[in-house]
Amino acid sequence: MTNAAEGYHLRKISREWNWEMLRILGETPVETRGLSIVFDRQPDIFAIPRLFSERVECAGFFRGANLAGFAMLMFQSRYVNGEPRTVAYFGNAHVKREARGRGFANRSAGYLSREMRGVCDLGYAVVMAGNRAAGRFIGRDWPGQPDLVRSKAVATLRAKSILVMGRKREGNGYRVRRAELSDVDAMVGLLRDEFRARLFGPIVDRGSFLRNLSARSGCDLSHYYIAERGGKVVGTCAAWDTGGLKQNRIVRYGRKLKWLRKAHAAAAALLDLPPLPKEGGTTRDATITDCAVRGRDPEILEALLARVHNDCAQKKYHLLIVGSCGQDPLLRATKRFLGQTTVSEIVLFSTGPSLLAEGRIDTSLP
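Okay, so the sequence shown: first residue is 32 according to my numbering, each after it adds one.
It is worth saying that the hints were derived from the structure and are not from the lab. Just to be clear, a hint being listed does not mean it is correct.
What the hints assert, rightly or not - Heads up, simulated SDA-like pairs for lysine to any residue below, C-alpha to C-alpha not over 25 Å straight-line:
{"hint": "1", "residue 1": "K191", "residue 2": "K43"}
{"hint": "2", "residue 1": "K347", "residue 2": "W290"}
{"hint": "3", "residue 1": "K183", "residue 2": "D359"}
{"hint": "4", "residue 1": "K127", "residue 2": "V61"}
{"hint": "5", "residue 1": "K366", "residue 2": "S385"}
{"hint": "6", "residue 1": "K43", "residue 2": "G161"}
{"hint": "7", "residue 1": "K199", "residue 2": "D71"}
{"hint": "8", "residue 1": "K293", "residue 2": "T63"}
{"hint": "9", "residue 1": "K191", "residue 2": "L41"}
{"hint": "10", "residue 1": "K289", "residue 2": "M159"}
{"hint": "11", "residue 1": "K287", "residue 2": "G312"}
{"hint": "12", "residue 1": "K346", "residue 2": "A210"}
{"hint": "13", "residue 1": "K289", "residue 2": "G57"}
{"hint": "14", "residue 1": "K191", "residue 2": "K263"}
{"hint": "15", "residue 1": "K289", "residue 2": "V61"}
{"hint": "16", "residue 1": "K191", "residue 2": "S213"}
{"hint": "17", "residue 1": "K191", "residue 2": "A164"}
{"hint": "18", "residue 1": "K263", "residue 2": "G312"}
{"hint": "19", "residue 1": "K346", "residue 2": "K263"}
{"hint": "20", "residue 1": "K277", "residue 2": "V61"}
Claimed, not checked - What follows is a list of derived Cβ distance ranges for each label pair:
{"hint": "21", "residue 1": "A217", "residue 2": "R167", "range": "40 to 48 Å"}
{"hint": "22", "residue 1": "R167", "residue 2": "G38", "range": "46 to 54 Å"}
{"hint": "23", "residue 1": "E129", "residue 2": "A296", "range": "36 to 44 Å"}
{"hint": "24", "residue 1": "P115", "residue 2": "K347", "range": "34 to 42 Å"}
{"hint": "25", "residue 1": "G238", "residue 2": "R391", "range": "42 to 50 Å"}
Backbone N, C-alpha and C define an ideal beta-carbon position, used for all residues, glycine too.
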């Protein structure tokens with residue numbers, strides 16, 4: 032242990048630390064491309080992890096009795112090489128500024144390794160571009176500590192925040208409508224085919240799909256859309272309003288984004304749209320999820336997005352968020368929509384280094 036790390040220790044924590052964790056989250060904004068933003072998780076930082084995971088573990092980084100940081104490890108059933116497998120997702124890692132460089136990363140690697148052993152040997156994380164502190168540990172060797180997890184970046188994640196403005200042309204040869212209960216089997220079939228082909232795609236069947244409808248606040252059946260052609264369902268997606276679970280809180284706009292906000296305010300006044308929030312405010316947004324189209328055809332997704340965008344405009348949303356891995360041709364569907372793209376790295380990690388060898392895991396479509 033270095034002198035800098037003295038007085039700090041890592042131990043398991045649970046939901047009784049929720050409010051202290053939310054406070055730390057609010058004090059550690061993400062800085063990216065001229066924007067300082069907090070991805071808040073009011074009122075319960077554990078809510079989203081529990082929706083997507085069978086088991087959630089949390090480690091707290093303490094100085095004495097005071098919480099200085101935390102990270103979560105979430106065990107999930109996901110597709111890997113087209114087969115169901117238990118994997119670990121490492122995320123929600125935040126450390127107070129004064130506690131950085133005090134051994135949190137090294138101890139987290141040990142925590143990851145211990146918790147995964149006997150449960151799974153493969154996991155993933157998402158690291159936003161520009162996060163130099165986290166980026167330094169991607170691909171890092173741990174001399175003299177062969178039992179610690181190894182990692183490598185395998186792809187990028189591109190999330191486009193589309194500005195909801197005006198009305199987009201709909202149709203393009205497809206009929207897009209709200210989903211009905213009678214559509215569920217067709218929707219599940221499309222989603223199952225899409226997810227099975229993706230690394231870490233969620234496992235879905237009719238039963239789990241219907242359970243999710245009641246479990247996810249802001250994402251019941253009325254939030255799902257269907258694209259039809261020739262009387263057949265050829266695409267589906269949901270526009271999830273996650274405002275009850277997480278919020279994007281603007282801390283600071285950079286110079287260019289301040290000008291963009293002013294321009295948007297002028298256009299919004301003419302189009303009867305809400306202006307982007309002031310610093311300290313939150314955006315109202317919808318996130319595209321459970322998305323699948325026949326033949327992975329971007330034209331079908333574009334038709335879905337046009338209808339969702341227009342509905343979001345009527346509801347006075349600021350943003351519509353669409354994301355996928357950087358090499359996914361489906362992202363072409365977002366080209367005609369104005370917005371800003373955030374890029375992150377998708378990181379694979381394993382307690383068995385051989386799993387990271389080229390060709391062991393199909394990483395072509397994470």
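Cross-check of the supplied hints:
no., hint, verdict
1, K191 with K43, "violated (35 Å)"
2, K347 with W290, "holds (21 Å)"
3, K183 with D359, "holds (20 Å)"
4, K127 with V61, "holds (12 Å)"
5, K366 with S385, "violated (39 Å)"
6, K43 with G161, "violated (29 Å)"
7, K199 with D71, "violated (30 Å)"
8, K293 with T63, "holds (20 Å)"
9, K191 with L41, "violated (35 Å)"
10, K289 with M159, "holds (22 Å)"
11, K287 with G312, "holds (18 Å)"
12, K346 with A210, "holds (18 Å)"
13, K289 with G57, "holds (22 Å)"
14, K191 with K263, "violated (29 Å)"
15, K289 with V61, "holds (17 Å)"
16, K191 with S213, "violated (31 Å)"
17, K191 with A164, "holds (24 Å)"
18, K263 with G312, "violated (43 Å)"
19, K346 with K263, "violated (29 Å)"
20, K277 with V61, "holds (15 Å)"
21, A217 with R167: 40 to 48 Å, "holds (46 Å)"
22, R167 with G38: 46 to 54 Å, "violated (23 Å)"
23, E129 with A296: 36 to 44 Å, "holds (37 Å)"
24, P115 with K347: 34 to 42 Å, "holds (41 Å)"
25, G238 with R391: 42 to 50 Å, "violated (32 Å)"
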